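Can you make the complete structure from the sequences, with help from the hints?
Residue numbers (our numbering): 0 to 251.
Please keep in mind that the hints were generated in silico from the structure rather than gathered at the bench. Quantities reported herein were computed from a predicted structural model and do not represent experimental measurements. One or more of the hints may lead you astray.
[Claimed, not checked] Distance windows between CB atoms, simulated:
hint, residue 1, residue 2, range
1, VAL67, ARG182, 25 to 35 Å
2, ALA167, ARG210, 42 to 52 Å
3, SER104, SER152, 55 to 65 Å
4, ALA123, LEU88, 23 to 33 Å
5, ALA49, ALA139, 53 to 63 Å
6, ILE196, ASN162, 45 to 55 Å
By construction, the Cβ of each residue, glycine as well, lies at the ideal position given by its N, Cα and C atoms.
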Amino acid sequence: MTEGGGNGRAQVAAVEGEGEPQPNDGSETGEAVPKAKPDRDAWLPRWLVAHPLYAGWAWTVVWAGLIVLDEVVDLAGWTWYLLVLVAALPTLISTLVVLHATPRSHLRAVDATVLGHFFVRFLALVAAFMVWAASVVMSASISTTVQSVIGDSEKEVTALGFNLMLAAVPLVLSILWMAFIIRCAWFLRRLRGWRQIPLKTRVPKKFLRGRPRLKRVVVGLAHPGLLLVAGLGTSLLALFVDAVELTLNVLE
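Here's what the structure looks like:
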């Protein structure tokens, strides 16, 4: 009985062993194992994937130097617009892509205090009042200047007023551009922090899923500090070396 039971249990174990799936690498059956999918982001340089923020800083420094060179060489007056845009282009595109892919619900200020909420609103109101006061003073000053230079000729006053408005358009667009950059940088700070490669972000997990190298570069370039320097810093540089001089020349 013992032998029969032992043999029976051995046969059951043998059958169960035969039923277990055996690893198959294709060597015995001759079937080819499917190869891994090629990396779609293999074209990205390894140094760019490893240090995207450093690459962004280098790009910004080069184009900021070209802005200064544009003033020294005295090229066309509109070229500084192009140089500022190109200087901010990598980080700006990355920022727009990241912000577009992030729902606003990911940025709910659940950890913000009531004091912080009202303090930010207070600063916004103070800034708005200062801008309004400056516009009133400038309007009065320009009106007085025009009247003293032109006199009582209504047509000449109107023509000069339109010319001044056209001359102010680049300055106004520059101010709106800088406000846009500051707002985007504010959201980037809340979204991914200040690290070059953030350990934890609020960027949706589905963003560039399956393309980790490209995601690393895009998130690395979408850095609030880099955006501020490349967008806001180069704009201020261009304004001080070129646009202010153009506006003064028009007023003269």
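Going down the list of hints, with the structure as the test:
no.: 1; hint: VAL67 x ARG182: 25 to 35 Å; verdict: holds (27 Å)
no.: 2; hint: ALA167 x ARG210: 42 to 52 Å; verdict: holds (45 Å)
no.: 3; hint: SER104 x SER152: 55 to 65 Å; verdict: holds (59 Å)
no.: 4; hint: ALA123 x LEU88: 23 to 33 Å; verdict: holds (29 Å)
no.: 5; hint: ALA49 x ALA139: 53 to 63 Å; verdict: holds (56 Å)
no.: 6; hint: ILE196 x ASN162: 45 to 55 Å; verdict: holds (51 Å)
Consistency note: the structure conflicts with none of the earlier hints.
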